[in-house]
Amino acid sequence: MADVTVQVQNVTKIYKRDSLDIPVLRNLSLSIPEGEFLALMGPSGSGKTTLMNLIAGIDKPTSGNVTVAGTNIDALGESQLAAWRSQHIGFVFQFYNLLPVLTAFENVELPLLLTNLSKKERKEHVETALSVVGLSDRMMHYPKQLSGGQEQRVAIARAIVTDPTVIVADEPTGDLDKKSAEDILDLLVRLNREFKKTIVMVTHDPHAAEHAHTVRHLDKGELQ
Amino acid sequence: MKVIKLILRNIFRHKLRAALTILGIAIAVMSFGLLRTIIGAWYSNSDNAAPDRLVTRDAISFIFQLPLADRDQIKQIPGVKEVTFQSWFGGIYIDKNQFFPRLACDPETIFDIYPEYVVPTDQLDAFKKERDACVIGERLAKDYKLKIGDIMDINGDIYPGKWQFVVRGIYKGQKETTEETNMFFHWDYLNEQLLKTAPPRANKIGWYVVKIANPSDAARISEQIDGLFKNSDAETKTETEKAFAAGFVAMSSAIITGLQVVSYVIIGIIFLVLANTMLMSARERTREYAVLKTLGFTSKHLAGLIFGESIAIAVLGGILGIVLTFPVVSGFAVAMARFFSHISIELLTVVLAAIFALLVGIIAGIFPVIRSTKTTIVDGLRQIG
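Sequence order for the protein chains is A and B. First residue of the first sequence? That's 35 in the working numbering, and the numbers climb one at a time after it. First residue of the second sequence? That's 7 in the working numbering, and the numbers climb one at a time after it.
Where hints are given, some of them may not hold.
Taking beta-carbon pairs under 8 Å as the criterion, some of the chain A residues facing chain B (in silico) [what the hints assert, rightly or not]:
#1 Asn87
#2 Ile92
#3 Ser113
#4 Ala116
#5 Ala117
#6 Arg119
#7 Ser120
#8 Phe125
#9 Asn131
#10 Val135
#11 Leu144
#12 Pro145
#13 Leu147
Residues from chain B that keep clear of chain A, each with C-beta distances beyond 12 Å, as calculated [to be verified]:
#14 Ala56
#15 Ile83
#16 Leu234
#17 Asn237
#18 Ala252
#19 Phe338
#20 Leu358
#21 Val375
Each computed DSSO-like pair below joins lysine-lysine, with the alpha-carbon atoms no more than 30 Å apart [said to hold, decoys possible]:
#22 B:Lys248 to B:Lys181
#23 B:Lys11 to A:Lys178
#24 A:Lys154 to B:Lys306
Everything labelled a hint here was simulated from the structure, so no lab data went into it. The beta-carbon is built from N, C-alpha and C at its ideal position, and this holds for glycine as well.
Put together the whole structure using the sequences plus the hints.
Pasting the structure below:
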């Protein structure tokens with residue numbers, strides 16, 4: 035049995051809006067083994083993005099523990115968590131979230147600016163990541179010069195350039211046409227199979243979820 | 007280098023907004039520089055005053071005149087080398103907008119006491135010989151295209167009547183900062199008319215200018231002069247020429263204070279312009295800042311980016327403003343040459359403008375930095391950019 039990469043234990047998450055407490059996750063536990071491709075499905079407001087955010091270390095649980103790659107990330111301070119995220123988490127967003135003033139190359143290079151890599155090493159890493167996503171010929175293009183599918187592939191290259199432990203993808207095909215969506219899903223499958231990346235993907239789309247090894251459904255903050 | 011590149015690209019993401027902001031800062035910095043330069047020019051006359059000259063005027067007010075007979079008594083005081091006098095004539099030359107000092111003086115001594123007004127010997131001799139002759143500054147001659155032998159018609163106001171003067175000399179300033187807009191003519195010419203038309207006003211002068219041998223005796227001599235006329239009908243007040251000129255400036259203190267206040271208000275305007283731009287930019291980029299945080303960038307990194315952008319805009323605007331200040335001040339100096347003998351930008355003004363621009367850049371960045379720091383990643387990612 036593979037090692038557990040992500041361990042979510044008895045996690046509850048309650049958001050406060052003015053004087054209202056809004057429970058989003060209720061005493062949820064989840065284990066994700068290394069090399070897993072997990073799809074989280076559920077209706078809007080079910081808590082799937084919140085769960086993904088907790089795993090990615092961009093939000094903290096109200097109670098319970100989240101351990102990723104052996105680190106209890108709830109115990110980390112803001113700057114420690116930022117450093118941890120840069121090493122262990124690769125993000126893929128629904129709307130790509132590339133910086134419009136930077137080229138594809140520069141967008142992918144961004145996470146590497148926080149490392150001690152030399153300029154030459156950074157260039158090698160970026161070129162490798164862009165070749166993995168099939169965009170070696172678009173390195174100097176700005177996001178507005180790329181199609182939606184190409185932008186998402188640049189975003190995936192940015193997510194993998196630091197060789198993270200886990201890739202989290204929030205509706206990665208939600209803004210794409212069918213063909214581009216299929217290409218992105220194939221790319222994620224390839225990253226999982228060839229590069230043994232653990233992937234947590236949030237999706238509404240049952241077809242997208244079919245590409246994952248495991249599909250878990252969330253409803254009203256509980257795993258079904 | 008990458009960070010600087012990102013800062014510069016962020017600045018020019020909205021080219022028109024960036025250009026307008028930089029231009030706004032530049033105009034404000036330029037206005038600050040111009041106002042401070044004008045204030046400096048206002049004080050420059052008192053800075054040009056000679057330390058070996060005293061001015062004796064009526065103790066109550068400058069507008070009251072002194073008896074001509076006082077001159078001989080002042081001359082007797084030890085340490086006094088020479089005494090001359092002047093009267094403010096006023097009058098209208100061409101029209102009321104043509105302002106320059108018209109002064110009735112003693113032609114025999116005036117240019118000995120004011121060696122900074124350099125008159126060619128032949129012209130000075132001609133001036134001394136003719137009772138209706140006058141000497142004008144070179145700047146005045148240029149402005150009104152006057153040359154030797156030309157007639158200047160002046161309508162009197164303080165001394166009513168039509169007055170005619172013949173230009174017999176044109177003086178040149180010894181230094182660049184010397185006033186070249188004065189007109190000097192014979193006090194005797196004025197006094198003759200007063201003896202005929204208004205005898206009670208005759209044989210009086212506006213103020214005495216006393217040349218002393220040693221500037222360190224200024225206090226003693228001033229005290230002795232004023233002591234001579236104590237309890238007389240025309241008590242005097244004697245002070246150094248610098249203090250006398252400063253007194254004139256003090257009369258305009260409300261205007262000068264107003265200009266100083268406006269110059270600092272301009273700094274406030276720069277701040278508001280830049281703070282508005284930075285807040286707009288930061289609000290638009292809330293989502294991007296959240297993305298950078300997810301990638302591992304910390305609040306310190308974001309603060310660097312935001313402060314960098316704010317300071318870069320302020321510095322670009324500041325540099326442009328300082329560069330623009332020079333031609334604007336030059337143009338102002340030409341236009342206002344008759345009012346200000348010398349206008350130049352002081353180094354302190356440039357330094358202050360640069361410091362204020364930098365400070366504004368730093369302060370304007372504070373609010374967006376606080377905002378980006380306080381916004382959580384989750385809230386930032388929800389932002390519709």
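Structure-based check of each hint:
Because the closest C-beta pair between Asn87 of chain A and chain B is about 6 Å apart, less than 8 Å, the hint holds. Hint on Ile92 of chain A holds. Least Cβ distance to chain B is approximately 4 Å, under the 8 Å limit. With a least beta-carbon distance of about 5 Å to chain B, the hint placing Ser113 of chain A at the interface is held under the 8 Å criterion. Nearest Cβ of chain B to the Cβ of Ala116 of chain A: about 5 Å, under the 8 Å cut. The hint holds.
A cut of 8 Å between beta carbons decides the hint on Ala117 of chain A: the least distance to chain B is about 6 Å, and the hint holds. Given the 8 Å rule on beta carbons, the hint for Arg119 of chain A holds: about 5 Å separates it from the nearest Cβ of chain B. Hint on Ser120 of chain A holds. Least Cβ distance to chain B is approximately 3 Å, under the 8 Å limit. About 5 Å separates the beta-carbon of Phe125 of chain A from the nearest beta-carbon of chain B, less than 8 Å, and the hint is met.
A distance limit of 8 Å between C-beta atoms decides the matter here; for Asn131 of chain A the minimum to chain B is near 4 Å, and the interface restraint holds. Hint on Val135 of chain A holds. Least Cβ distance to chain B is approximately 4 Å, under the 8 Å limit. Interface restraint check: Leu144 of chain A against chain B, minimum CB-CB distance 6 Å, threshold 8 Å, status holds. Taken as an interface hint, Pro145 of chain A checks out: its beta carbon lies about 5 Å from the nearest beta carbon of chain B, inside 8 Å.
With 8 Å as the threshold, the beta carbon of Leu147 of chain A comes within range of chain B, its nearest partner Cβ sitting at about 6 Å, so the hint holds. With a least beta-carbon separation of about 62 Å from chain A, Ala56 of chain B lies farther than 12 Å from that chain, consistent with its non-interface assignment. Listed as outside the interface, Ile83 of chain B is consistent with that label: its C-beta sits roughly 78 Å from the nearest C-beta of chain A, beyond the 12 Å cut-off. No Cβ of chain A comes within 12 Å of the Cβ of Leu234 of chain B; the nearest lies about 80 Å off, and the non-interface call holds.
In this structure Asn237 of chain B is separated from chain A by more than 12 Å, as the shortest Cβ-Cβ distance comes to about 83 Å. The Cβ of Ala252 of chain B sits about 56 Å from the closest Cβ of chain A, beyond the 12 Å cut-off, so the non-interface label holds. With a cut of 12 Å on Cβ distances, Phe338 of chain B stays outside the contact zone with chain A, its closest approach being about 40 Å. The beta carbon of Leu358 of chain B is kept farther than 12 Å from every beta carbon of chain A, the shortest such distance being approximately 34 Å.
The non-interface label for Val375 of chain B is consistent with chain A: the shortest C-beta to C-beta separation is roughly 15 Å, beyond 12 Å. For the suggested pair Lys248 of chain B and Lys181 of chain B, the alpha carbons sit about 17 Å apart, so the restraint of at most 30 Å is met. A C-alpha spacing of about 19 Å is found between Lys11 of chain B and Lys178 of chain A, which places the hinted pair at or below 30 Å, so the restraint holds. Using a Cα cut-off of 30 Å, the hinted pair Lys154 of chain A and Lys306 of chain B holds, with the two alpha carbons roughly 26 Å apart.
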